[in-house]
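Protein chains in written order, with this note's numbering: chain V, 1 to 333; chain Y, 1001 to 1294; chain P, 2001 to 2336.
Mixed in with the good hints, there may be bad ones.
Unchecked claim - In silico DSBU-like links for lysine-lysine, alpha-carbon gap of 35 Å or less:
id, chain 1, residue 1, chain 2, residue 2
1, P, K2275, V, K310
2, P, K2146, V, K277
3, P, K2155, V, K103
4, V, K95, Y, K1066
5, Y, K1199, Y, K1123
6, Y, K1188, V, K103
7, Y, K1188, P, K2275
8, P, K2131, V, K280
What the hints contain is simulated information worked out from the structure, not anything from laboratory work.
Here is what each chain is made of, one letter per residue.
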Amino acid sequence: MTEQFRANTNENYFLKAEGLTMHFPAASDAFGRPTSWIHGADDVSFAVPKGKTLGVVGESGCGKSTVGKMLLNIYRPTGGRIFYEGRDITDLSPKERRPYVKKMQLVWQDPYSSLDPRLRAGDIIAEPIDNFRLAKNRAERAEKVERLMKMCGLYPEMALHYPHQFSGGQRQRICIARALATDPEFVVCDEAVSALDVSIQAQIINLLKDLQDELRLTYLFISHDLNIVHFISDEIIVMYLGQIVERGTMETVYRNRAHPYTRALFSATPAFTAAEKKNKQRILLEGDVPSPVDPPKGCRFRSRCPYADKRCGEEPQWSEVEENHFVKCHLFS
Amino acid sequence: MRAEKTIKRLAGSRRSSLFTDVCKRYVRNPAAVIGGVILLIILLACLLANFIVPEEMVTAYDTQAKLQAPSAAHPFGTDNLGRDLFARVLYGARISVGIGVGATALSLVIGAAIASVCAMSKKADFVIMRVVDVITCVPTILLALVLLTVLGGSVFNMVLTLTIVSVPGFVLRIRAVVLGVVEQDYVKAARVSGTKSLKLVLKHILPNALDPIIVDATMTISSMMLSAAGLSFIGVGVAPPNPEWGAMLNYAQQYFRTAPYMAIFPGLAIALTALSINLVGDGLRDALDPQAGK
Amino acid sequence: MEEKNPLLQVVDLSVDFRLNRKTALHAVRNVSFDLYRGETLGIVGESGCGKSVTCMSILQLNPASRTRYPSGQILFEGRDLLHMKQKQLRPIRGNEIAMVFQEPMTAMNPLFTIGDQLMEALRVHNPRMEKAEAYERSLEAVRSVKIPNPERILKSYPFTLSGGMRQRVMIAMAMITRPKLLICDEPTTALDVTIQAQVLDLMNELKQTHGTSIIFITHDLGVISEMADRVLIMYGGRVCEEADVDELFTAPRHPYTQGLIDSHPSPDYEGERLKVIPGSVPTLRDMPAGCPFNNRCAYATDACRDVFPDFEEAAPSHVVACHNWRAAKTEGGKAE
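Chain V extracted, bound-state conformation (with noise of 0.2 Å):
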């Protein structure tokens, strides 16, 4: 079934992810040759189709950022294959990468600090149109940058302006519309709403979902908010220390949610109606997260599992529950 898992029955994909895996050195001897490692992601696969948005979830730790970083060659994966379109990316010299660096772009968690404080919002946006030779003269540049602020809801006069005159939602746009000005196929949203007030959230959301429509975009949307994944994911993967534990649309997910830890995490998040709240069960899980330098052998969730038993110090195999949902517990195996 791992196999199975692994080698992704979706034909049609666009991206596709094949047992990513990234270690970091943790600690290291004299001469800098690391002794231990942090897990940061093992064995991560999926697929994700074209014009489709992949919800990313996990606490803290669990790896959901560095899939995105590996993705966008920020982290380059210690093993596992990323395949674009059919062709192998893993390992492109710095040349042969060019044409994916223009097709794949990321919006940045923090509005705040992924702008650099001393450029205008004209040039921040037009940094890539720069960099990739787009424009032919200075009035196409602003033409372009124009264009891209209002498809971002922004005023073009705003163009002068510097990142620290916005409010939190402003500067999360020109994050939008700077990833946008390469015209990417592939979005990586990395928790691109979480630092944003509420009301503001919901805006960039529709943006995001405007954009995708219009301009029939591929996301990867990393977040811990699973009711803002539940709402914009086609697909989900629940990631926990590193490993995929629950992957599938996200209606069967939802639905079925088959995974202790899936149940646990969604039966975390704070309902707000009343219906919501009468509904629900909690449950509660003990403990932390354990650390990923020396993940629990096994079942990684296991030390936190209210079903765990002895089977649970082996690692567990890939079970499908229902067609195109898979599981990795041994409560289903």
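Once you have looked at the hints, place chains Y and P on chain V.
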């Protein structure tokens, strides 16, 4: 309408408007303005010295008028050889300020270049840091003394010596800031946007790292001047007939009881220049940061 | 009789921050609320709405040199905290009223062990307490926040603990003097959801056993609906709605509250796009006159641009400050 205008401005001269922003913020700070004015006067004095006093006055000695107190003919008095101190302090400014600015600028450029290499490559960083460690093991004064003795005392050699001596310090300070900036999201964001390494360094990393460094560097100008003065004072610096301020202090010490003005005026010149440079440095730090005005 | 008197009464509180001689920012305007014993009051709002400033005023923790209180009273068991001298406040701070902050690391001294800090907290207010007794009480406090292996935790330093553990220790530290009022400023915002669930559960349990009143500040509607008995919605430095928690979520009256609830993607929401409040949260500098929400409100009329509305009772113990809440009522509130 307004949008069109701003777009035009965006397409046009961005540099000048950024510059005016900085100027506006600078002018709001009174201490910085005073420092700037003093520094400007000193710099003007350097440039226009020829129009104030003829250059021959620097070395022309009058045995009849040794060690005279300040008077109308000699506003700062005369030294032990009867040379006009006003002319010597005035022309000395060229040498002292020149040494300070030259050595600082040179070490800043070299230091920033080396620190950027450190930031971009871990291997290069390791090698460079070990070299810096070795150099910093040698006491600075000793190194400067040895270099100057070997090279011989001239203005150029003084600049060279001071640069060599201070580059490791600059590398350490700039590297510390640069490594912090490299970790910032906006630098990573620029890289993801396809910005290549050299542009990344020049456009994002150095401008953001240089703020604290610029302030540091302006302060260094004055300490460079003081070091040069010190070395000249010891006697290994700029060779005698040249009116370097530190060298002038050196001669003055023998006559301090009888002719204190021989020490007072060059000393005052050094202090005033150092002070004004520091004030300007402080003002620049605030003006360069777009968020400081808020 | 005792039950009838509120533990804390905030009456017409306004807070200004002076920027320079000429300009002052109106951070909080005419905020009033009552808090009864054993009750949890949630204060919800977005950044800059004045929720934290209001709570900081209770213990006069706003930066003293810049803060002015043009009006208001804060009565804690009848004593006016707002006009007390710092010296008079000292026995109340940390003893009768305790606080828990968002980032527990900054509230702890990294150079001392958890045990030292807990015992210090006790002995500041009871100098004559024996060391052994203080240790026992600390141990009990740490045990009460369900930290496994409490003896070891007392000997460890703050940086060795995880975020969830630190927040528990903070709660233990706040609760150790058995305060009558606990002010929590976004206590779970920095935590993961499963850890947040643990901490919220713990706080509810502590509230039940000790009868402590809690003021709970957050921007997260979900958290507030699980924690609070009553909810205060703040916007632009003013209270715009106050109601019991279930009433507020089923029948929100203020257009801002409705917008806030609607902009949350709830799991059973079917639409393609989320409902949003247009525009952005105004900063204190450019707060509009009249009702601060008027430039983002779908129901805004001329009256809204001129005067801030009076509070009206929309239902028993449900007050709303909106000129047009009746119009908003008929359309808004999808949860109904």
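Taking the hints in turn, this is what the structure says about them:
1. K2275(P) with K310(V): Since the Cα atoms of K2275(P) and K310(V) sit roughly 48 Å apart, the hinted pair is violated (cutoff 35 Å).
2. K2146(P) with K277(V): Roughly 25 Å between the alpha carbons, so the hint for K2146(P) and K277(V) holds.
3. K2155(P) with K103(V): Violated, at roughly 53 Å.
4. K95(V) with K1066(Y): This hinted pair is violated, its Cα atoms lying about 74 Å apart.
5. K1199(Y) with K1123(Y): Roughly 21 Å separates the two Cα atoms, so the pair holds.
6. K1188(Y) with K103(V): holds (17 Å)
7. K1188(Y) with K2275(P): OK: K1188(Y) and K2275(P) at ~33 Å, within 35 Å.
8. K2131(P) with K280(V): violated (46 Å)
Violated hints for the displayed structure, listed by number in ascending order: 1, 3, 4, 8.
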